[in-house]
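For reference, the chains in residue letters:
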Amino acid sequence: MKIILILLPVAALVCGAFTGNLTEVSGAVLDGAGNAVTLAISLCGIMCLWSGIMKVAEECGAVRLMSAVLSPVVSLLFRGLKKGGRAAQLIAMNLSANILGLGNATTPLGIQAMEAIRQEEATGSGEASDNMIMLTVLNTASLQLIPATAAALRSAHGAESPMDILPCVWIVSAYAVTAAVLSTKVMSWLSKRREKRRGNN
Amino acid sequence: MVITDLVVPLLFVGVMICGAVRHVDVFRVFCDGAAQGLRTTADILPALVILLVSVGMFRASGAVEILTSALEPLCSLVGFPPECMQMVLLRPFSGSGAIAVYDGIAAEYGADTLAERTAAILLGSSETTFYTIAVYFSAVKIRKTRYAVPAALSADLTAWIVCGLSVTFFFC
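Chains as they are written, first to last, in the numbering used here: chain A, 1 to 201; chain D, 1001 to 1172.
Hints are supplied without guarantee of correctness; some may be wrong.
Stated by the list, open to error - Just a few of them, taken from the derived set where beta-carbon distance is under 10 Å, the chain A residues facing chain D: (1) 112; (2) 182; (3) 184.
I should point out that these hints are in silico values taken from the structure, not numbers from a laboratory. The model shown is predicted, which means the values in this text are computed figures rather than measured ones. In this text, a Cβ means the ideal position worked out from N, Cα and C, and glycines have one as well.
Here chain A stands alone, though its shape is the one from the complex:
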């Protein structure tokens, strides 16, 4: 993060000096600060509406329902966890919050799930287990069904029907999540094989 905040402006100054765009660059500093406020204000209404809807959905038991649907998937993807145990439950809840796009609830649930996995697997080492990696990688691929922020930004910029990207978003997400699962499984298998070989030598 720090690197980006240094890299972008420095690259801008160097590049601006070469291309003779330094006036535009300094203009962009003031514009950017103002634009941030305009953007936040134009986002604010839809963010509030969305958070409100999702809070009601949460209160209706959407997370619990979704977790129940997901629990067979969880036991398929995560190996060696107790069925219906705390870790498995928290994983299902974290994934559900992800799918429903409950931004505020997702990370705390994910962290609790990570801790539960560590307790259940009782690994004292500072090394990530296969299940921990699976959970994290799934969280880095976007499971969210409704791209609320993207739609809010699009309508702020005057898109005619902000949700017309939905089919594309679903296709891209589906492939990305599949790739996440497959690459995690393959890499886990490869690392096990490598360790076995090292053990034989």
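Use these hints to put chain D onto chain A, whose structure you have.
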């Protein structure tokens, strides 16, 4: 009239009915949630200021054009609009940065253009990969993340390829 226009209103009505049926205090709960949304927006504002300034400087300097033309041959392989590569590069590091990049692209190319749609699709279908990995593993004090980064990045690479192919298919 596009069918996807109905997603938000239908969801809104559906959730409200569901809440009423389940005896949820819909109004109070909704306002609680909306207040949280207000807080979230206020929380990301400082980050948006510094990132919109940084990204804005970067865009104004002409660095984006250099980057875009350098990556164009790679992008044409999957039909990905090269002007959105800045999104691909910043998205894994920062959510507010990705919003800043989207804002710049939408302002420059206009709503409902291929570039704007592609940026929005990437924003909606990927996550802040490195940030998530850092938060999740540091929370349980894990230093050796083994294959977590390559696995996550291969998912991001897949997203990029499929995004290029699908925007070409749907919107060209």
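Enumerated hints in conflict with the structure, sorted upward:
none
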